[in-house]
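Protein chains: 2
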Amino acid sequence: MQKNEVMAGWFTEQMADQGTAFSLRLGKGRHLHGEKTPYQTIDIYDTETFGILMVIDGCTMVSTRENFLYHEMMTHPALNSHAAPRDVAIIGGGDCGTLTQVLKHPEVRHATQIDIDERVTRLAEQYFPELTEVERDPRATLLFDDGIKWVKDAAQESLDLIIIDSTDPVGPAEGLFGRKFYKDCIRALRPGGLLVQQSESPLLHLDLIAEMAGYMHEAGFAATRLLHFPQPIYPSGWWSSLHARKGGTQWVERLDAAAVKALGTRYYSAEMHRAAFVMPPFVAARLGTR
Amino acid sequence: MQKNEVMAGWFTEQMADQGTAFSLRLGKGRHLHGEKTPYQTIDIYDTETFGILMVIDGCTMVSTRENFLYHEMMTHPALNSHAAPRDVAIIGGGDCGTLTQVLKHPEVRHATQIDIDERVTRLAEQYFPELTEVERDPRATLLFDDGIKWVKDAAQESLDLIIIDSTDPVGPAEGLFGRKFYKDCIRALRPGGLLVQQSESPLLHLDLIAEMAGYMHEAGFAATRLLHFPQPIYPSGWWSSLHARKGGTQWVERLDAAAVKALGTRYYSAEMHRAAFVMPPFVAARLGTR
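For the protein sequence lines, the chains are A and B, in the order given.
Going by my numbering, the first residue of the first sequence is number 1, and it counts up by one from there.
Going by my numbering, the first residue of the second sequence is number 1, and it counts up by one from there.
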């Protein structure tokens, strides 16, 4: 098996350092598109059972069938863990799936998406139009720029929520996982603001998660907590995001039944919100309770 | 890619009807054992990152690294959903992982494991000794017999809990997923007794889950509920079990903190118990609330 290849009608992502691989059988369209941008390689495949699949640098990013799991769980638990999220920034997230979920919240007055690679968004417009309709929302701003620099230059205490919807912590996204960037985030957040970052698999990457949480605390965040959810096309099928809070003494849970129902979500609900933050003992033992 | 093959140092399970495949890279030991029993084909692999892997008829069954997820979640939520589980039957489960977890409960006075294929247990003794130490427990009885027939012949109202820890609903396990077998189960259970069955992936097999729940109700069970948990080596990485209750008007939740802690579990806890029964809206919509 070679790395991240198409062979005999299958796309395979090999997680070299984890000793695992995940494959999807291709449909009639097979390899719909492939290009090398200044930042990364993007491929679009037609799969037999998961719809369209976007692959960046050989890693599965998003498929038609299951992206609701990731996008709902990267957004609603965070928005409902803030008393009044008005100004939101999304770093990465060029497919606009995260932005779509964020702008379901009427209390959000402005959401800025900063993805370094415009091609991700243009290809999403073509292959995942259900995710990019949100571009027409007057509260949305799409920037194609360096998210690390954007956060560094953001006005002090100008944001309520920063969502890091990036690729893995190697390559272009590496700088998004570290002390220096987290310090810039905390400066840009208002008191009570939240940083939310995709944090890989609780089974496979627990050391990384612990390290990220440590850096967030060192950067000055008052508390962190982990959320977990299924993610069938990512390594181990089990994924997480890490929340970090600027100040405050406890986590907000704003779970008005009618407001949650109005989101029209398939995986997220008020009860799933609470359930997703419950940590299995082996995860709690490694991360501690901060 | 051919079906369920070893190629260039990887074991691959192809889920033909789902258009997905999962692979583990083999370690130095590679293919440790392979045999064709009267019932099925069993292979044992040495994987690079998941420890030993047992494969039955080409399907991954259990690995050293992650079997705690499945075995804990197939047992403790059920045992703690019964007021006083004394007599337990496990249909399948030849690797003894389920039995190990069941007998952690001091209130269980007798557990009978009925697997049709003795070779599963003998190979588990060799390759997963941590799962088979439980054979020495005087409360354990291991039978190598047809589980369907065993339940049919069981004394009326002689069991508190029946756990169906089987392979997928094709081949030898097919008869374990259906009306006739569920009727035999309900007869063998005492009032308040529970039937618990592994019920595949909430993402991929929701129709099957709904069908199973329907058959359980038709067989006379008063209520069913679904539990979900991560399961990295099974299709989609997200798995479920279905609980069915004989009589009663509500679900028991017996979650004494000290008793739960004494189980020494890595994924299961009192809070995880409650969280695992919370259904995502798309699952609830398909299964309804019965």
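Please keep in mind that the hints were generated in silico from the structure rather than gathered at the bench.
Worth double-checking, as some hints may not be accurate.
Pairs involving identical chains hold if they fit within one copy or between any two copies, as the list cannot separate such chains.
Listed below are the simulated SDA-like cross-link pairs for lysine to any residue, each with C-alpha atoms no more than 20 Å apart in a straight line [to be verified]:
(1) Lys104 / Ala83
(2) Lys152 / Thr64
(3) Lys28 / Thr112
(4) Lys261 / Gly288
(5) Lys149 / Gly58
Computed from a predicted model, the values in this text were never measured in an experiment.
Name the hints, by number, that the structure is in violation of.
Checked against the structure, the hints that fail are numbers 2, 3 and 5, while the rest are satisfied.
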